[in-house]
Amino acid sequence: MVTLPGVLVAAPASGHGKTTIAVGIMAALSRRGLTVAPAKVGPDYIDPGYHAPATGRPSRTPDPWLVGEGRVAPLLVRGATHPTVADIAVLEGVMGLMDGRLGTDGFASSAHVAALTRTPVVLVVDVSSTSRTVAATVHGPATIDPALSVVGVVLNKAGTPRHGDEARRAVESVGVPVWGVLPRDAAMHVPSRHLGLVPAAERAEAAATPDHIAAVAEEHLDLDGLLAAAASAPTLDAEPWDPTAALTQRSTPTLAPVIAVAGGRAFTFRYPETVELLEAAGARVVELDPARDVALPDGTRGLYLGGGFPEVHARTLATNRPLVHQIKAAIEAGMPTIAECAGMLYLAETLDDHPMVGALPAHTAMGRRLTLGYREATSLVDSVLGPAGTRVTGHEFHRTATEPSAGMPAAWSLDGREEGFALDPAGTGRATLVASYLHTHWAGSPSVAASFVDAAASHVHPGSPDHPRGWDGRGPGGVALGASHVRPGMSESSRDRSQPAQPLSRATRTRSASSADVVDPLRHHGDLEVAADLVDPAVNVRLTQPPAWLAAALVDELSSVAAYPDPTTARDAPAARHGLARAQVLPTSGGAEAFTLLARALAPRDAVVVHPQFTEPEAALRAAGHEVRRVLLRPEDGFALTAGALEQIGDADLVVIGNPTNPTGVLHPADAIRSLVRPGRVVLVDEAFIDAVPGERESLLTGDLDGLLVVRSLTKTRAVAGIRAGYLAGDPDTVAALAAHQPHWSVGSLALRVMIETATPHAPAEAERAAEELASWRTHLVAGLHLPAIPTGGSDAPFVPAQVGDGVHTALREAGWAVRRGDTFPGLDPTWVRIAVRDPHTIDGLLRELAHLLHRRTA
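When the count follows the numbering used here, it moves up by one through the sequence shown with no breaks and lands on 868 for the last residue.
Be careful, since some hints might not be right.
[Stated by the list, open to error] Below are the SDA-like pairs computed for lysine to any residue, each with C-alpha atoms no more than 25 Å apart in a straight line:
(1) 725 - 570
(2) 337 - 265
(3) 337 - 862
(4) 725 - 788
(5) 337 - 823
(6) 725 - 789
(7) 337 - 466
None of these hints come from the bench; they were simulated from the model.
Go ahead and model the full structure; you've got the sequences and the hints to work with.
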């Protein structure tokens with residue numbers, strides 16, 4: 010008998026905010042010092058990823074279909090007592106309160122689990138489109154089933170306090186307490202993807218999300234009332250689930266086989282009981298990150314590849330060729346391997362045309378159709394999971410489709426449909442590779458864990474004379490691969506990684522060679538570095554497509570393109586945003602036109618460009634026939650605008666400087682730049698990347714513009730580089746001089762609409778959130794670059810310079826990675842590259858390659 014206070018957070022339907030409220034409650038109670046045991050109803054992996062950072066404990070999945078009704082309460086108690094005893098359990102429901110497996114009258118629903126675990130229910134209701142009618146919505150669930158105890162309601166997304174009060178009174182009139190009313194709060198939103206929320210492990214700011222939601226919960230929820238309701242949960246007649254006891258009538262193998270379990274940002278989906286059962290069966294489990302680790306753990310005898318989003322990170326995974334080759338060789342040599350859904354995609358020949366491991370004769374790709382549902386499966390052949398006829402329960406949840414080669418033996422019969430692969434590549438007499446879309450919760454079928462560990466223990470270790478064929482623990486070319494993990498940032502004593510990566514293809518090699526021959530460095534741009542087969546940390550466009558609100562506005566604008574564009578409103582919008590007069594602003598076709606207008610309108614006798622910096626201004630000045638003098642900032646000074654550099658500027662009547670500067674990323678103090686202003690001199694400040702700086706710190710658009718020209722680009726953060734939208738701002742006389750050289754209608758209607766839309770209040774707020782996320786990504790990159798011989802500069806920009814050594818740029822291209830050549834910027838030599846900041850998963854892959862290249866050079 011267990012006394013376990015708890016609540017189950019449910020809703021009338023999906024989309025009401027269960028995850029947000031549940032995580033908020035978990036995090037708020039944890040901040041009070043309580044130990045919270047999280048759980049999630051339903052076969053979900055993503056939501057539990059947010060439970061863990063909120064509570065510091067793994068989230069359990071007490072799903073009656075996956076584990077059986079009899080194990081639901083024991084699994085919940087396991088989570089509440091392991092590794093320490095919790096003060097309260099908070100369960101997040103699934104779909105609508107009564108919604109379960111179709112055709113079963115609510116089997117495996119939130120209500121079913123609440124009844125099995127005797128947990129009081131807190132109902133979350135979205136009131137954004139209703140008020141008093143919410144009382145009827147609450148009254149039904151509160152009275153429909155005597156086995157349910159709906160102890161309170163949280164009203165979510167109230168538009169105003171008055172709106173929230175109206176809904177509260179209505180609910181209380183039917184006798185159900187309201188534990189809180191939450192207003193709309195965009196910062197509480199967790200981004201979604203084709204299969205639901207973006208996993209917490211993929212979001213650099215995910216650790217901060219529970220803190221924010223907890224603060225909102227503390228402000229708006231009656232946590233004391235909720236705790237009192239949780240304490241009303243009756244005593245639960247259940248003992249904690251024990252993984253060792255689940256493996257009955259079995260002796261532990263003498264040798265503890267090493268089983269590598271895929272993790273990292275691409276493989277975020279697995280139930281905690283999977284590892285617990287493997288360990289209870291006698292295995293030593295070591296996590297493997299296929300994006301970062303370049304070798305299997307020492308002595309690996311089995312491999313488990315669970316769920317995740319490899320399609321999002323396919324290029325990063327594909328470029329880790331030593332690990333890819335080793336895994337393929339190990340599987341071909343008969344190493345027991347289980348691959349569920351994402352793991353199967355990773356082992357296929359291709360994923361969305363990206364080369365993968367190639368251990369499975371199949372091609373996979375994203376599709377439009379979502380496949381989901383509970384499944385009952387029967388194994389079709391003897392395998393490392395058990396004999397033919399082994400029955401398991403599981404679920405499918407994917408948008409990819411797989412095209413296997415003809416004649417491949419299937420792994421499972423799913424309700425009469427054959428699915429997956431069961432292959433015996435080494436001729437052992439049973440399938441050693443089982444791969445399918447089926448996700449299984451091994452607590453419901455513990456025998457498969459025992460069988461898998463036994464198979465791993467009996468697998469002949471690579472290199473043994475008895476090994477049938479194939480993998481000998483070495484990678485391509487016979488170089489040993491099994492000594493240890495290698496991660497970016499490890500010491501020089503870390504083991505080598507295999508021979509150099511093989512070229513991708515003849516087309517890629519040709520593109521690499523042509524890209525290396527730069528005819529005019531001043532005309533070289535990051536987009537010239539990229540190719541179809543290369544991962545792209547070279548181009549400074551952050552997103553792959555414009556935000557939905559901007560895309561909708563551009564579609565709307567297409568209906569007006571028959572008329573000549575009128576720039577008046579587009580001048581007024583940024584002027585109003587920055588507190589300027591219309592005469593101080595000029596829309597341009599991106600920064601490139603602004604630099605061209607400057608070169609045409611002015612006749613400088615001594616033009617200075619402060620380098621290293623974006624080369625387009627100097628190219629425009631030289632094209633117009635002007636002489637240009639360079640002032641070079643030094644890496645040993647952190648590329649700062651030092652007193653010595655200011656002295657070199659001398660009596661120049663035109664000074665061009667970037668802020669933050671491309672490629673160094675240095676954000677110069679606004680006062681230092683403003684000190685350059687003097688009578689007879691124009692100071693042009695390229696602020697193309699200032700919207701990537703939190704708070705747009707050090708912008709020159711916040712004060713007197715006499716003697717200044719500030720150029721803004723709107724294409725990078727908004728992903729509209731193909732539209733060419735920007736503007737310049739300065740004193741009215743200088744702006745008028747440049748405008749006189751601008752052709753009629755040089756700025757198109759779509760670009761003008763971008764200027765209008767991005768000046769509306771919500772757009773800078775969204776850019777600020779993006780800048781904060783980018784700052785965390787940059788921190789991740791810079792921290793990973795702290796390796797011997799890689800000094801870094803820069804502080805606030807969507808790119809980072811790194812002195813990686815001569816030849817590394819080319820070597821990275823050969824390994825599948827595009828970065829910007831440093832020697833295309835005056836003041837930098839071929840030992841430098843510029844790396845565009847990307848998500849941490851992509852950066853991890855690049856750091857892996859850099860660590861490998863540096864290790865090879867110092868070995």
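| Taking each numbered hint in turn, which are not upheld by the structure, reported in ascending numerical order? | none
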